[in-house]
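**Q** Chains C and A, in that order, give the protein sequences. For the first sequence, the UniProt record's numbering assigns the number 753 to the last residue and increments by one with no breaks. For the second sequence, the UniProt record's numbering assigns the number 753 to the last residue and increments by one with no breaks.
Treat the hints with care, since some could be wrong.
If you want the footprint, here are the derived chain A segments under chain C, 3+ residues with CB under 8 Å [unchecked claim]:
#1 11-23
#2 175-185
#3 387-401
Keep in mind the hints are simulated off the structure, nothing from the lab. Beta carbons are placed, not taken as given, at the ideal position from N, Cα and C, and that holds for glycine.
Number of protein chains: 2
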Amino acid sequence: MKRIFEIDPWLVQSHELHPEDKRLQESLTAIGNGYMGLRGNFEEGYSGDHLQGTYLGGVWFPDKTRVGWWKNGYPEYFGKAINAPSFIGLKLSVNGQPVDLATGQFQDFSIALDMHQGLLTRAFTYVVGETQVRLTFRRFLSAEIRQAALIEMTAQALTGPAEITYAAALDGNVSNEDSNYDERFWDPLGEDAKAQTIQLITKANPYQVPRFTVLLKQALRLNGQSVAPQVTTTPGALSAAGTLTLAAGEQATLEKDVIVLTSRDVAPDAQGQTAATFMRGLQGQSFDQRLAAHTAIWAKRWAQSDVIIDGDDAAQQGIRFNIAQLFMTYYGEDKRLNVGPKGFTGEKYGGATYWDTEAYIVPMYLAVTPPDVTRALLQYRHDQLAGAYHNAQQQGLKGALFPMVTFNGIECHNEWEITFEELHRNSAVAFAIYQYTAYTGDESYVNHDGMAVLIGISRFWADRVHFSKRRGQYMIHGVTGPNEYENNVNNNWYTNTMAAWVLEYTLARLPKADPAVATSLKVTAAEKAHWQDIIDRMYYPVDQKLGIFVQNDTYLDKDLRPASSIPADQRPINQHWSWDKILRSPFIKQADVLQGIYFLNDRFTREQKERNFDFYEPMTVHESSLSASIHAILAAELGKQEKAVELYGRTARLDLDNYNNDTADGLHITSMTGSWLAIVQGFAGMRYDHDQLRFKPFLPKAWRHYSFKLTYRGRLLAVNVGAKTQLTLLAGPPLDVEVAGKMVHLEVGHADA
Amino acid sequence: MKRIFEIDPWLVQSHELHPEDKRLQESLTAIGNGYMGLRGNFEEGYSGDHLQGTYLGGVWFPDKTRVGWWKNGYPEYFGKAINAPSFIGLKLSVNGQPVDLATGQFQDFSIALDMHQGLLTRAFTYVVGETQVRLTFRRFLSAEIRQAALIEMTAQALTGPAEITYAAALDGNVSNEDSNYDERFWDPLGEDAKAQTIQLITKANPYQVPRFTVLLKQALRLNGQSVAPQVTTTPGALSAAGTLTLAAGEQATLEKDVIVLTSRDVAPDAQGQTAATFMRGLQGQSFDQRLAAHTAIWAKRWAQSDVIIDGDDAAQQGIRFNIAQLFMTYYGEDKRLNVGPKGFTGEKYGGATYWDTEAYIVPMYLAVTPPDVTRALLQYRHDQLAGAYHNAQQQGLKGALFPMVTFNGIECHNEWEITFEELHRNSAVAFAIYQYTAYTGDESYVNHDGMAVLIGISRFWADRVHFSKRRGQYMIHGVTGPNEYENNVNNNWYTNTMAAWVLEYTLARLPKADPAVATSLKVTAAEKAHWQDIIDRMYYPVDQKLGIFVQNDTYLDKDLRPASSIPADQRPINQHWSWDKILRSPFIKQADVLQGIYFLNDRFTREQKERNFDFYEPMTVHESSLSASIHAILAAELGKQEKAVELYGRTARLDLDNYNNDTADGLHITSMTGSWLAIVQGFAGMRYDHDQLRFKPFLPKAWRHYSFKLTYRGRLLAVNVGAKTQLTLLAGPPLDVEVAGKMVHLEVGHADA
């Protein structure tokens with residue numbers, strides 16, 4: 001654990017700069033607007049260790065690297081989120097001395113990310129001999145004009161006079177730290193000094209992956225007025241320079257406005273003209289006016305989603321940070337995008353889309369964003385159905401296999417034990433359809449596009465199982481379950497359970513769905529009978545004596561022992577143990593059997609839940625950022641309140657406290673829903689199966705009260721849990737809600753009973 | 001199957017050049033001398049598709065490429081056999097037209113590899129307008145002066161006159177086809193036009209792997225006299241040019257003598273001078289004199305190893321080709337080298353040393369080469385013991401883990417399911433010690449260096465097993481057995497069996513070994529007791545009903561079916577099926593349970609052998625080149641003569657008939673022992689356990705007779721199997737041999753009974 005920012009309900013703020021934690025600072029002060037994002041790099045540059053990172057949604061590159069002996073069915077390439085041309089550059093010098101916080105002298109440093117809207121503010125007094133200049137930077141990526149980045153620098157000569165030079169830069173000469181051969185991913189197409197634009201294209205590739213053309217345009221305003229600086233260009237880069245001369249006490253404000261366009265939206269030829277139009281529009285208002293509009297958009301988001309925790313400021317900050325970062329990553333505007341595990345905060349992990357979306361993002365987004373945001377995440381999978389058929393076909397299998405990692409529907413990660421063995425993502429895609437339908441009551445997706453997805457996945461499972469003659473049962477061999485600390489196991493209980501569930505759900509929904517879907521996909525009676533046979537004769541590993549579902553065949557033969565037996569200096573084991581030792585150990589990375597019990601919660605008895613929780617949780621090391629939340633929810637359900645609160649602590653401030661010692665690489669975006677899920681589904685016990693919203697709340701001992709909001713079937717609901725639980729219907733038609741086993745009738749304007 | 005060379009007992013010869021099979025031709029006409037080797041590339045160059053390949057023993061490069069998510073315990077690099085600077089180049093033109101068989105006009109082509117000694121001869125008549133020139137090339141790599149390559153070209157003007165230019169080249173500008181980023185592995189150090197040398201060094205690397213400096217020197221002789229050609233240089237390359245003018249009927253012979261030195265033997269600074277000394281020595285005799293000396297060395301080898309098959313010319317050619325290629329790859333001169341799976345014939349597969357050495361090379365080399373050749377292979381492992389301890393330590397394990405793939409003892413392949421799961425190589429290293437000791441009767445290795453190896457391996461196994469409390473037995477989880485068509489299985493019967501065998505053999509040999517070894521390695525009574533406990537309580541998967549040893553846990557749950565059920569157009573499955581489909585199938589790549597029965601042959605009953613053979617062989621697809629021989633031997637033992645002969649056919653001409661459709665990449669060197677093993681251990685039923693040489697021969701129906709020679713404990717023995725079996729002791733003291741259950745007394749000069 002390492003905490004470098006101060007506790008504050010709305011700010012992520014620090015008054016110190018620790019060079020050894022520069023990367024951590026950059027991750028925690030990353031901002032994004034769903035269209036693009038960047039790490040908390042400094043505008044003026046920084047010569048010490050840091051990770052430069054600017055990322056554009058949907059802009060990527062297929063890395064050709066292969067090792068070992070490539071085999072049939074392996075993906076052809078590894079999809080990389082590439083570092084995009086940088087647009088924040090604003091080189092500065094004071095009286096001839098370059099401004100560089102790695103080498104220069106400075107004081108009164110502060111940096112703060114305002115979570116109300118993702119405004120990053122930074123200030124320091126730079127000292128050059130007798131001269132002291134106060135430099136204040138503000139920047140945000142507009143939620144109003146998503147192609148726009150607004151950057152403002154105010155310089156005030158505290159002691160003077162000061163001659164300050166600036167050089168506002170656009171720079172396409174960027175690299176990825178994770179490139180194998182230090183290769184660059186961008187080719188410059190041209191620079192226009194007059195228009196202050198640079199245009200670049202991603203390098204050619206042999207995989208039919210489209211090349212992306214990006215244009216960056218900047219314009220400067222000095223004290224609100226346009227300036228015409230000295231512009232110089234080099235291939236792929238541009239710099240616009242000028243000088244400010246300030247007497248003591250004087251100040252000046254330089255604004256750098258940026259427009260970023262990509263060929264995903266604007267054809268390369270039209271980018272220059274379109275960017276000029278955008279820039280004119282953007283500069284029609286001041287920085288502060290644009291910020292106000294941006295903040296207003298965010299205020300609406302918070303009105304539907306804010307969580308208040310009274311009595312634990314660290315927890316309060318943690319959950320707001322998570323919600324803010326999630327919304328900065330994805331708010332559904334572009335249906336071709338998804339929620340990457342690092343969002344716009346780092347280059348680690350290839351690809352954009354993981355099962356995280358369906359397993360962790362959907363359950364929260366359903367309740368805190370307008371329904372069309374979650375619907376967009378579902379639609380994304382349907383739009384990539386052709387890729388899923390391709391992926392299955394690559395394995396010689398029928399039906400649709402949604403990718404483990406992808407940008408476009410085609411699998412783009414290259415470890416076999418992951419790509420064609422971690423099949424749980426396929427059922428999660430189906431389960432998200434169930435969740436969306438069950439929560440919203442909106443059947444329009446499951447009855448049309450969603451049914452095509454369900455049929456595709458069902459066909460995959462029907463081909464992927466095999467029939468064991470010896471046992472007379474269907475089995476699923478060769479998978480990696482949610483517990484990635486085992487690979488290539490047979491009959492992972494979770495995978496088998498969810499595969500049968502998909503077949504069951506598809507069969508159950510088919511009669512209600514648009515018949516045209518089943519007809520066009522030629523679903524026959526024989527096929528449905530085969531699906532039913534698989535449901536009826538699926539093999540599930542269980543141990544009667546222990547009364548548990550067994551994680552997979554032979555799991556119980558391991559040297560079973562609790563995670564508490566691991567010496568503290570060997571945790572996390574993934575940073576201390578060989579992969580061999582981890583694979584053979586009984587230790588579980590994240591919920592596996594328990595993930596199934598979480599998903600299909602209403603199908604298991606309390607005793608089943610308890611026995612499995614008590615068996616598996618002690619062996620779980622929670623080294624996936626996705627683990628603690630699911631366990632917290634089940635612990636809460638089982639009345640293990642202390643355990644639930646302990647596990648909540650691990651999810652709420654995972655990044656702010658750098659629990660896994662890897663936040664320097666970027667934030668754990670997709671697991672940020674965990675703290676919300678732990679509070680709402682855990683502490684408040686929210687469930688919504690069988691068309692009934694229910695709560696079974698408890699209040700953690702250390703908290704005075706907590707409250708959250710839910711969007712549910714056209715209502716906006718406030719839930720306040722203190723000494724007692726109070727529900728308030730803020731908008732929408734009346735609703736009956738079950739609270740701790742009793743029905744409560746809610747109407748707008750009426751306090752509940 | 002594809003056969004491009006003619007059947008001949010001593011020649012691999014063709015009178016046609018098929019451009020579409022150029023790579024296959026190059027593999028089959030590769031030559032080597034244990035120090036270096038090269039593919040059958042053409043001296044004058046070839047502009048069509050081909051694979052340039054020259055390889056120097058022990059010269060390699062650590063490739064840094066990583067993909068996916070690197071984890072603790074993965075090797076840092078992938079060791080690559082790199083394409084070395086080429087020394088055969090002899091560009092030619094006839095009347096201004098470059099000689100290039102890909103584009104020019106030619107007739108009466110022939111190419112022949114003489115297996116007596118590895119002399120490659122090639123001839124064709126090149127036609128330029130009215131002019132016809134007969135060009136004949138001969139080359140060999142000397143067994144007498146191993147640093148020397150001798151290349152001779154004779155040009156005869158059939159119709160004239162002809163002006164022939166030549167440019168003899170040394171060229172370091174070579175690449176590897178398997179490099180990920182088309183990177184070059186060599187940096188030029190300098191060229192000396194006068195001395196006709198080039199010197200290069202392998203590129204720097206961050207892994208403490210030494211860089212190799214190589215010097216190539218050439219000198220030309222025209223009709224036996226030194227010539228001083230026009231020498232030009234470019235970085236890393238050199239060319240020596242001249243002109244021959246021939247009237248019709250005239251001929252001239254140009255000889256290119258080459259010396260190749262590496263920093264493995266000669267310090268870089270001394271290489272120029274040393275090469276000059278070598279060159280003077282080399283040129284002290286003519287090409288034909290050197291060839292005679294070279295051939296004499298080979299004649300001695302053949303006298304100890306030749307196999308004669310009467311009645312099957314294709315089989316005769318196959319076994320001689322295999323023996324010749326094996327001896328061209330390794331004859332024990334350099335104890336730092338080993339037998340790579342492709343020898344000097346291709347760049348496929350990284351590394352130099354696989355378990356192939358102990359599992360397949362040792363059993364044959366024991367009997368056909370002087371004992372010190374096999375002893376050198378054993379010593380190689382002892383000399384790399386430090387690397388083996390390092391490999392185990394990388395996995396967090398005690399003891400010695402010999403590498404799956406290596407150049408220097410340190411694991412250098414980078415697929416986890418191979419490097420730290422294919423543990424059978426570790427037991428094979430121990431088993432080779434047993435084989436050597438049992439065959440030769442020489443206990444000097446097992447009692448000294450060999451004991452240190454055995455203790456290291458035993459300690460590894462004692463740490464690698466785990467105790468299953470539920471079963472009360474020791475288990476080995478997470479391995480890939482010899483059947484590489486399953487990965488990461490639990491309790492592979494073969495692996496468990498051989499691990500226990502190693503412990504047993506070590507305990508049995510310890511009392512007889514040099515006590516200093518056990519003392520210096522601090523073997524305690526407690527440690528020995530623990531080894532015995534593992535032997536006593538090892539878990540072996542068996543199926544009582546089927547009466548078989550089970551390949552691994554849950555293997556019997558698969559969709560079991562015979563390989564004959566695979567449609568012919570889907571064979572080999574590794575070229576048609578996804579890895580996913582292969583892993584989940586019941587099909588076996590190579591002997592797995594049966595490999596254990598082969599190794600520990602005297603421990604199993606005939607019924608056990610039969611039941612396991614009948615169960616596993618039908619599911620075996622023999623897609624490892626190492627598979628058919630082991631099955632042939634067991635089939636022969638079980639009286640399944642037709643099956644044995646069928647399987648022999650797959651091993652004897654694997655490359656000559658391109659059975660696996662991959663010989664274009666290079667020869668399957670290490671599996672070339674398979675045909676010898678099938679004849680000697682299979683058809684002739686040779687066994688040598690319990691200090692008794694035994695035979696139980698049969699004669700394949702299609703053959704008239706076959707004979708082979710064995711070196712055994714100071715004797716040279718000839719075995720001739722026809723209508724009856726005849727043994728002749730050619731050299732050494734008298735010997736009692738068991739033939740078909742009866743003891744036969746052999747003395748030199750006496751025919752056997």
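**Q** Now tell me if each hint is right for this structure.
**A** Hints and how they fare:
1. With a threshold of 8 Å between beta carbons, the proposed coverage of the stretch 11-23 of chain A by chain C is violated, since 0 of its residues qualify and at least three are required.
2. By the rule of at least three residues with a Cβ nearer than 8 Å to a Cβ of chain C, the coverage given for the stretch 175-185 of chain A holds, with 3 such residues.
3. Check on the stretch 387-401 of chain A: 4 of its residues sit with their Cβ under 8 Å from a Cβ of chain C, so the three-residue criterion for coverage holds.
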